[in-house]
Structures are given as structure tokens and as C-alpha cells.
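**Student:** So the protein sequences, as listed, match chains A and B. Each residue of the first sequence is one higher than the last, beginning at 1 in my numbering. Each residue of the second sequence is one higher than the last, beginning at 1 in my numbering.
Mixed in with the good hints there might be a few duds.
The list that follows gives simulated cross-link-like pairs (lysine-lysine, DSS-like), each with its CA atoms no further than 27 Å apart [what the hints assert, rightly or not]:
| no. | chain 1 | residue 1 | chain 2 | residue 2 |
| --- | --- | --- | --- | --- |
| 1 | B | Lys371 | A | Lys161 |
| 2 | A | Lys55 | B | Lys278 |
| 3 | A | Lys10 | B | Lys343 |
| 4 | A | Lys55 | B | Lys262 |
| 5 | A | Lys29 | B | Lys243 |
| 6 | A | Lys49 | B | Lys55 |
| 7 | B | Lys262 | A | Lys10 |
| 8 | B | Lys127 | B | Lys371 |
| 9 | A | Lys49 | B | Lys243 |
| 10 | A | Lys29 | B | Lys354 |
| 11 | A | Lys49 | A | Lys10 |
| 12 | B | Lys262 | B | Lys278 |
| 13 | B | Lys243 | A | Lys82 |
| 14 | B | Lys278 | A | Lys10 |
| 15 | A | Lys175 | B | Lys343 |
| 16 | B | Lys262 | A | Lys175 |
| 17 | A | Lys175 | A | Lys127 |
| 18 | A | Lys161 | B | Lys377 |
| 19 | A | Lys10 | B | Lys91 |
| 20 | A | Lys127 | A | Lys10 |
| 21 | A | Lys55 | B | Lys243 |
| 22 | A | Lys29 | A | Lys55 |
| 23 | A | Lys29 | A | Lys49 |
| 24 | B | Lys354 | B | Lys377 |
| 25 | B | Lys39 | A | Lys10 |
| 26 | B | Lys343 | A | Lys49 |
Think of the hints as simulated: they come from the structure by calculation, not from any bench.
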Amino acid sequence: MSSYRLTHLKHLEAEAIYVLREVAAQFQKPVLLFSGGKDSIVMTRLAQKAFHPAKLPFPLLHVDTGHNFPETIEYRDALVDKMGATLIVAHVQDSIDQGRVVEESGVNASRNGLQTTTLLDALELHKFDAALGGARRDEEKARAKERFFSHRNEFGQWDPKNQRPELWNIFNGHKGFGEHFRVFPLSNWTEMDVWQYIALENLDIPSIYFTHEREVILRNGSLLANCPYISVQSNETVMRRMIRFRTVGDMTCTGAIESTANSLEDIISEVAAARMTERGTRADDKRSETAMEDRKKQGYF
Amino acid sequence: MSENDSKSYLDMDLLRFTTAGSVDDGKSTLIGRLLYDSKSIFEDQLEAIELSSRKRGEEITNLALLTDGLRAEREQGITIDVAYRYFATPKRKFIIADTPGHIQYTRNMVTGASTADLAIILIDARKGVIEQTCRHSFIASLLQIQHVVVCINKMDLVDYSESTFNDIVAQYKDFASRLDIPHIDFVPISALNGDNVVDKSPRMPWYLGGPLLYILENVYINHNYNHIDARFPVQWVVRPQSKDYHDYRGYSGRVCGGVFRKGDEVVVLPSGFSTRIKSVHTFDGEIPEAFAPMSVSMTLEDEIDISRGMMIAKPNNKPKAEQDLEAMICWFSDSQPLQLRNKYTMLHTTNEVKCMVQEVRYKVDINTLHKIEDDKKIALNDIGRIKIRASAPVLFDTYRRNRLTGSFILVDDLSHNTVAAGMII
Chain A
1 MSSYRLTHLK
11 HLEAEAIYVL
21 REVAAQFQKP
31 VLLFSGGKDS
41 IVMTRLAQKA
51 FHPAKLPFPL
61 LHVDTGHNFP
71 ETIEYRDALV
81 DKMGATLIVA
91 HVQDSIDQGR
101 VVEESGVNAS
111 RNGLQTTTLL
121 DALELHKFDA
131 ALGGARRDEE
141 KARAKERFFS
151 HRNEFGQWDP
161 KNQRPELWNI
171 FNGHKGFGEH
181 FRVFPLSNWT
191 EMDVWQYIAL
201 ENLDIPSIYF
211 THEREVILRN
221 GSLLANCPYI
231 SVQSNETVMR
241 RMIRFRTVGD
251 MTCTGAIEST
261 ANSLEDIISE
271 VAAARMTERG
281 TRADDKRSET
291 AMEDRKKQGY
301 F
Chain B
1 MSENDSKSYL
11 DMDLLRFTTA
21 GSVDDGKSTL
31 IGRLLYDSKS
41 IFEDQLEAIE
51 LSSRKRGEEI
61 TNLALLTDGL
71 RAEREQGITI
81 DVAYRYFATP
91 KRKFIIADTP
101 GHIQYTRNMV
111 TGASTADLAI
121 ILIDARKGVI
131 EQTCRHSFIA
141 SLLQIQHVVV
151 CINKMDLVDY
161 SESTFNDIVA
171 QYKDFASRLD
181 IPHIDFVPIS
191 ALNGDNVVDK
201 SPRMPWYLGG
211 PLLYILENVY
221 INHNYNHIDA
231 RFPVQWVVRP
241 QSKDYHDYRG
251 YSGRVCGGVF
261 RKGDEVVVLP
271 SGFSTRIKSV
281 HTFDGEIPEA
291 FAPMSVSMTL
301 EDEIDISRGM
311 MIAKPNNKPK
321 AEQDLEAMIC
331 WFSDSQPLQL
341 RNKYTMLHTT
351 NEVKCMVQEV
361 RYKVDINTLH
371 KIEDDKKIAL
381 NDIGRIKIRA
391 SAPVLFDTYR
401 RNRLTGSFIL
411 VDDLSHNTVA
421 AGMII
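Excised from the complex, chain A in its bound form (with noise of 0.2 Å):
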């Protein structure tokens, strides 16, 4: 007689397909939006198994910035390209061209807020009524109270106080015109999970997440990759060290770890030791206290 047992990855994965399923029979134009991160190769893997043998029932979006690491749009190509899937491309520069947004301007300057724009327009151009994405509870304070359905308004808003209750493994996607949900199926991951996910089903992962020399600068803390978007200050130098990425955003807030892990495996017992969080390397995070709830609020991811 079997033990009727799940390992606590198979039981995540578990719920992660059963909320991607929901989304597929809940909605009229679902979308998962990816951006090459690790939690989004996580959830492309997931879909894939959810819907298979069909292809997935839905696009890819990715919304950005312009600043991306190149190695990451490599990877994004190449990934869309082995599934067959569709993607569709939003960009914040066409935001700011068509005077949507104002570029920030000043040392720190970040299109990381300017997604926001971009993001919701691209929602509304395509109707999507569901955006799937990767974010997980245990990343941020305010991502800890999120739901996996998370309701926004018409102006794609989310309300923290005024969330919908949910129980058991019952998901309420009604909605009225013009509103849309954001889901969350990898709500109870955390970042461990994730990559003994990756290593336990063997995903490609894009090139900056191991080890590599790089020239870095260091700012508030964060070690920086130099790049053009960045303007290095007089009292900055350009370093060249061993570094690697532990998420991956944009080239100007997302911060770099010196390490020298080239495998899954260096990652996982890295991150097995660390005593920083994923999002203490984000200097979007770092400009106030409630820097993640009050850019959800307008709509961020």
C-alpha cells in the first residue's frame, strides 16, 4: 500500500498548476508575463505541464525597459523559440516616445517605475482580464498579504485593505468590465523552492545568474553592473570582480553578489547560507519603507 505522500515541492507544484488551469477556464485572455527572471522560467515550466500536451492556451508578455541585461533577452528568444510559444514585446521607451511617462532623471535613475505605464497600457491594448505572474509572498512584507487572485480595478489598482478572502482551493475570478486580476501561482514559494525546482527539473537559466567577471561599481550598498544606462559618479571606480546575479531586473537597480557559484548546486547551498535577502540586492525596494506596497497599489507587478 502506498504512503499517499507528496514531497512539499510536488505539493507546490501541485497548487501552482492547479491555479494555472483555474486562470485558463476562469478567463477570456489570460497572459503570464515573463521577464527571463528565474521565478518566470519557474512558471513557464509549470504551464507547460499544466496544459500539456497542448501548447500553452495563452501569450507570453514581457514588458521592457530597455535596460535589460542582454543576456537575458538572449535567453528569452531562445526559450519562446523551443516552446512555440507567442510573445509579445511591450516597450517603456515607446511609453516615454509617445509621452505616457517622463523618464527619471538625476544619478539613480530607474525605469524600473516606468513599467507600471507600460504594463497596464499593454493590458489594455491586448484585453487581457488575467496577468499571471511569478512573485512569491516570501520576496517582500507587502507581497506577504497578496492573494493568488488579486483583484484590480479599472484603473488597474489593488486595494490591500479590501481583498477578496481565499479559501481551501476555491479562486473567485468574477469581475466587472474593465477590471482585471493579477495571479500569483508560485504564492507559497520560496526562493529555496525555486531553485531546488530548477536543479530538480534541470531548466536552463540565463548565463548571469553564475558566476562571472564583470565591471561593477558600488552605490548604496549595491554592487552595480556598469553599463550605459548608469553614469558613474567621480567618486565611484569601476571594479572588475567575480560576481552573480540573484534576481534579475533591470541593469540599474538590480545589485550583484560577489560569488563565484557556476552550478545549480554552489547556488543552492549559497543561497542556503545567505543571510540577505533576494531583494536586499533591489535598490527599487530600498526607496522607502513601503517602496513595493505603494508602487502595487498603482499597478506594479
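Let chain A serve as the given structure and place chain B on it in line with the hints.
**Tutor:** Frame of chain A, contents of chain B only:
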């Protein structure tokens, strides 16, 4: 992490537990301690809350700031919502649904309890069993949490007294005899000093049980899944329409009970057609059997018209199919109380039906467990028993028998909000 550890990580269990508590009972301190001692609090998180504590003029680092993430919560020093926390030991991964315990947050407690395998109930050793202990225990019992760990906290303030502990245990047992909780453990702790939280306390040698974390790591988990009555609500029909899978028609879903194997005779409800299972598979290939809570796909021997909301079961063990249901409900809407004969949409497994509440049998005073029969108005946070009529037969088991096929939510058709959660009797 050695290679050994990294392999054992792939073989870990998952335990979901809920904690309910109010401002002063040390709940945040206890969670803070579990996270801190299991090394799940990171340096940058600790620095951030140390900084905020200082900004607020507090002398000691306020671990509650770890769980209170929203601006309003930080400003008012309260917890509004269910917050989910994660930590792992080499044995298990834990998900904590951390809910505020005040009566006005009953709906949050119910939400947190709905997915929990275990509940931690905190009692202040100086106060003993109080109203809120009753409330939390009743909710755990109502939601059929199989295991409750009663932590008698602040033992340091009663000189680690064995007789105080024993008195409270007796008080609690007396009260819990009216509830439906199969397993109850009692642990004397001091969350502040860490006594019996992670390590066994030398200050209470009279306590022969294990510390709290030991219990959490070793308690038997069945996740409340029913492995007897085969239930497979169809969630999604897979029709690839591709060259390789020209005639493929698969039924995807999450097993809600029992076991499904290739060759099993099954019946599709409500249509009642029977056939056999041709294959049970996932993306990774065919599997010998599927059980709750696995997400799988099945193919069947015969072509039968099957769509989302239908249920696959066994001919000799079918769920009930009825239009009139009796249920306990908890009301969630702060703007509209329950209205008799108003139409709501019932979401149950993967099915949706219209329904109408025909009668409120009684309301429960959740502090005393008394039935209130003269006031039948059900509003926010109220719990009561109702009679409900659905527009089509609902395929269900009682909630006691199966949490997944015995539960539903009610959605208001105008606001689209979830207004109630129900457990079928």
C-alpha cells in the same frame, strides 16, 4: 548546506499551520522566534525593522514589524490581514497563516484555518482560558483542523509553575470536550525567552514533552485529505488539435479524494455514464495512480461529453447530489448582510451554480458556543447554520468527510465579492 542536506531538502514534508492571537499574547514574538531561531529572518530584514523600531521610539526591536507589512498596519500597530510566513528546518517546510485574533477578524481566522493542517492557540499563563481562546478553538474545530497545539505562554511571569500549567490544561480540556478536535498537545513556553520554543527549557524540568518546534517537525500530517472516496472534479479539458495528438482528449484537474488508477471503472456525474480510465498522466509521463492533492490528466476509454464542473467518481461510491443543502457559514461582507431569498453564485469544486438562502436556523455565539435562535441576522464575521437551495444538484460530500468537496463560497453577483464561506453538513 552539505550535499546530504541538499538531497534531504528534496524529500521534505509540508506543514501548514495557523496562529491566531491578539495584541498582547506574544504571538508576534513567538513567530519572530520561530523564524529567527530557524534562521529564516535575514540580516537586511532585521536591520530594516531595527531601524523602524528606533524611528517609532521603541526600545526593543519590535518583531511584530516583520509580520505587519502594510502601511496602515505599521501606522496603527495592528494586523489587518492574513499574512503568510515561510520557514524550513531540515525536516519540514512550514507555511504559517498568521491571523489577527480579535473578534472583528473572525473572517481572517476562518480564511487562515481553511488550509491549515494544525493550529497553534496561545494562552497567557496569567489569564488562563479566556473568550478569545474559545473563539480560536471553535474556529479550528469548525474548519476541521485535526491537530491543535495549545501554547501556554509567559510561563516566566508565573515562575514556571507546574500547577498553573496543569490548571490551565484542565480548564482547556473541560472546554474542548464540547468541540471536535481529535488531537490536542499542551506546551508551557516563554516566547520572549525562548523556553520550550526551539529547545527544551531547563527551567521546566517537570514538563516531559518536546518543545514546540519538535512537535511541529514530528506531528503526523495527513493534510486532511480523504484517500477513500474517489473524487475528481474536471477543471479543464485538453484538446491539443495537433498532428501528434490528433484524437487526444484529456481531462485535467486536482484529485479531491480517493485514488484513481488505469483500468478503474469510473462514472461521470451528473450525466451518469460509466467508462474506464485509459491512462493517468502528467507532463512527466504516465503514472500508476493519482491521489489528493495531485494535479493530473486522465484519458477515458469511451468518448463521453465531459466539461468543466463535472465530477469523475466510482460507480460504487458516488458523492451526494442534492439541491437542498444544510451548511455552517461564516459571513465575510462588511457592506451587505445575508439576505434571504437573494440570489448568490455558489462556487463549489470547479462548478458554479446559482443559489438562494432559504432559512437561517441559528447563529453561534463564538465566545460561548451558545446557539442564538432569536436573532437570525447574519452579518460580517457571524457564523451560523443555514438551509440553502441551489439551482441544480450539487455533487458534494459532507465537510467532515471531505474538506474539498464539502466546502463552498458565495459570490455576490453585483459586487462580484466573496461574501461567505460555507461548510456542508
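**Student:** Are the hints correct? Go through all of them and say.
**Tutor:** Structure-based check of each hint:
1. At roughly 31 Å between alpha-carbon atoms, Lys371/B and Lys161/A are farther apart than 27 Å, so this suggested pair is violated.
2. For a cut-off of 27 Å, the pair hint linking Lys55/A to Lys278/B stands: about 22 Å separates their Cα positions.
3. Only pairs whose Cα atoms come within 27 Å are accepted, and Lys10/A paired with Lys343/B is rejected, the gap being roughly 39 Å.
4. Distance check on the hinted pair: Lys55/A and Lys262/B sit about 25 Å apart at the alpha-carbon level, within 27 Å; holds.
5. Only pairs whose Cα atoms come within 27 Å are accepted, and Lys29/A paired with Lys243/B is accepted, the gap being roughly 25 Å.
6. A threshold of 27 Å between alpha carbons decides the hint, and for Lys49/A with Lys55/B the separation of about 48 Å lies outside it, so the pair is violated.
7. The suggested pairing of Lys262/B with Lys10/A holds, with an alpha-carbon distance near 21 Å, which does not exceed 27 Å.
8. A hinted pair counts as satisfied when its Cα atoms are at most 27 Å apart, and Lys127/B with Lys371/B qualifies at roughly 26 Å.
9. Our distance criterion of 27 Å between C-alpha atoms is met by Lys49/A and Lys243/B, whose separation comes to about 19 Å.
10. Between Lys29/A and Lys354/B, the direct Cα distance comes to roughly 24 Å. Compliance with the 27 Å bound is thereby established for this hinted pair.
11. Of the supplied pair hints, the one linking Lys49/A and Lys10/A holds, its CA atoms being roughly 12 Å apart against a limit of 27 Å.
12. Of the supplied pair hints, the one linking Lys262/B and Lys278/B holds, its CA atoms being roughly 6 Å apart against a limit of 27 Å.
13. For a cut-off of 27 Å, the pair hint linking Lys243/B to Lys82/A stands: about 18 Å separates their Cα positions.
14. A threshold of 27 Å between alpha carbons decides the hint, and for Lys278/B with Lys10/A the separation of about 24 Å falls inside it, so the pair holds.
15. The straight-line distance between the Cα atoms of Lys175/A and Lys343/B is roughly 17 Å, inside the 27 Å bound, and the hint therefore holds.
16. Restraint check: the Cα-Cα separation between Lys262/B and Lys175/A comes to about 39 Å, which exceeds 27 Å; the hinted pair is violated.
17. Distance hint between Lys175/A and Lys127/A is fulfilled; the C-alpha atoms sit about 14 Å from each other, no more than 27 Å.
18. This hinted pair checks out: Lys161/A and Lys377/B have alpha carbons roughly 25 Å apart, not beyond 27 Å.
19. For the hint linking Lys10/A to Lys91/B, the alpha-carbon distance of about 16 Å falls within 27 Å, and the restraint holds.
20. Taking the CA atoms of Lys127/A and Lys10/A, the gap is near 34 Å; set against the 27 Å cutoff, the hint is violated.
21. Pair hint Lys55/A plus Lys243/B holds up; C-alpha atoms about 12 Å apart against a cutoff of 27 Å.
22. A threshold of 27 Å between alpha carbons decides the hint, and for Lys29/A with Lys55/A the separation of about 15 Å falls inside it, so the pair holds.
23. With a C-alpha separation of about 19 Å, the suggested pair Lys29/A and Lys49/A falls inside the 27 Å cut-off, and the hint holds.
24. The straight-line distance between the Cα atoms of Lys354/B and Lys377/B is roughly 22 Å, inside the 27 Å bound, and the hint therefore holds.
25. A hinted pair counts as satisfied when its Cα atoms are at most 27 Å apart, and Lys39/B with Lys10/A qualifies at roughly 24 Å.
26. With a CA separation close to 37 Å, the supplied pair Lys343/B and Lys49/A exceeds the 27 Å bound.
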